[in-house]
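Numbering-wise (the UniProt record's numbering), the sequence shown opens with residue 1 and increments by one.
In case anyone wonders, no lab produced these hints; they're calculated from the structure. Worth double-checking, as some hints may not be accurate.
Each computed DSS-like pair below joins lysine-lysine, with the alpha-carbon atoms no more than 30 Å apart [what the hints assert, rightly or not]: (1) 310 / 267; (2) 267 / 445; (3) 416 / 27; (4) 196 / 271; (5) 263 / 310; (6) 310 / 196; (7) 263 / 445; (8) 445 / 416; (9) 196 / 161.
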Amino acid sequence: MAARGTTGIHDTLIVGSGFSGIGAAIKLTQAGVDDLVIVEREHRVGGTWRDNTYPGAACDIPSLLYSFSFVPNPTWSRAYSPAEEIQRHIEDMVDRFDLRRRIHFGVEVNGLDFDEDLGIWDVRTTGGETYRARTVVLASGPLPDHDWPDIRGLGTYEGTKIHSARWDHDYDFTGKRVAVIGTGASAVQIVPELVKQAGFVKVFQRTPGWVMPRMDLATPPAAQRVFEKVPAVQRIARGALYWGHEASATALVWNSPLTNVVKRISKAHLKRQVQDPWLRRQLTPDFTPGCKRILISNDYYPALQRDNCKLIDWPIATISPVGIRTSDGIEHHLDAIVFATGYDVHLTGPPYPVTGRGGRTMAQDWAGGAQAYKSINAHGYPNLFLMTGPNSGPGHNSLLVFVEGQIDYAVAGITKILRDDLRYLDVREDVQRTHNEVIQRRLTKTTWMSGCSSWYLTPDGFNASMYPGFATQYLRQMRDFRFGDYDAVPRDAASPAPGDVRARRSGGAVMSSA
């Protein structure tokens with residue numbers, strides 16, 4: 001295993017061991033970057049799929065698309081795989097590419113500082129260790145921390161509080177009075193499972209979402225064998241799913257006549273599954289499909305109509321010691337509250353200070369909204385590569401398709417820095433500004449800016465989350481690493497070498513002399 005902290009300067013340090021961190025490590029080691037270390041604050045890989053173990057947890061993107069093209073999994077059990085199967089796939093990738101020896105578990109980053117003279121990032125940790133690296137890949141994701149809602153009285157509740165991202169598997173829901181706060185992607189998976197066990201479930205809804213049918217089928221063993229023996233067949237199936245999702249952008253990213261088709265399908269799904277007119281009215285959104293995340297479920301609506309379940313759409317006034325009081329004055333006595341309230345979205349950068357050239361900080365630079373070049377590099381923060389950075393979120397296709405493009409781009413930049421022994425590579429400010437002006441101009445025409453309130457936007461209405469285009473457009477820009485868009489600062493006699501770790505050419509691969 002690589003040495004922990006303070007003992008040397010690594011070529012590359014990756015923060016996070018979810019899909020993006022593991023994918024980046026695979027591609028970088030294949031490119032010859034051997035002096036690479038991954039730091040992970042938990043004691044297991046997996047990222048969001050390690051954390052989200054609530055009942056019913058599953059992906060809402062087809063499994064063939066929710067995986068990397070360079071590490072296909074021919075044995076997905078279903079069209080939409082459950083969380084534990086996705087977690088196993090990530091673990092399998094780690095073992096297949098011998099990455100576990102590179103991972104330092106239980107290491108939580110609490111600050112990054114760039115040494116401009118050396119071209120080195122100092123990565124501070126809560127344990128007091130400092131890692132040093134020439135290049136850093138931030139792969140902790142846009143949603144690393146779960147979010148407790150800002151509801152008055154939250155701390156006074158004397159019952160059991162459970163967050164969807166930190167599920168308490170020891171709690172017995174049998175016969176209990178349970179509330180679920182939230183009606184987003186995790187809630188529509190949790191509620192159908194809870195009603196099977198709890199005595200009574202009350203679902204507290206602020207805003208209903210557009211719910212589409214879930215076309216989830218088991219993958220026959222024969223199909224799995226074909227995928228395994230003839231990988232081209234799986235590639236063709238993946239390609240068909242990719243282009244199908246690409247076509248949906250015309251309905252979900254931009255408001256078009258096809259957007260009304262999505263609305264009609266969703267309303268027909270609601271009408272088919274919900275007989276009561278008043279409940280249908282409560283569950284009908286008043287915003288454009290695509291403005292918020294589209295939900296996919298066949299069992300959420302039926303669960304709400306069970307005798308032991310009730311939808312509450314009165315606003316929550318306060319949480320009391322015994323339960324929840326809504327604005328109509330009713331106190332709901334509860335044994336447990338499940339918070340399906342998602343994540344604390346870090347729209348102004350990582351949840352720790354990042355200090356770049358000249359003492360500038362990412363929190364200050366991004367105070368008005370996060371901006372980067374091609375979502376991956378930010379001016380003033382050289383040699384730093386952001387996975388799932390600003391404006392890289394898809395509204396219609398698989399996030400991992402976008403991440404794969406980011407990984408290839410980061411590999412091109414990192415190998416350039418190491419191979420040419422650059423002190424640093426920093427995107428030019430004018431290039432970043434022009435790029436973001438185009439992004440923000442294109443965003444004005446998307447469904448995300450059509451008036452609904454969502455986590456995609458800052459409180460001021462700035463969209464730093466989503467990419468306003470097709471995945472194909474995004475991937476095209478990521479294939480082209482234009483070095484002229486960067487200030488490339490060579491190491492010269494006036495700048496000391498970074499310790500005993502120097503990159504040198506060796507048959508085209510980046511090698512470490514340490």
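Unsatisfied constraints (hint numbers, rising):
8
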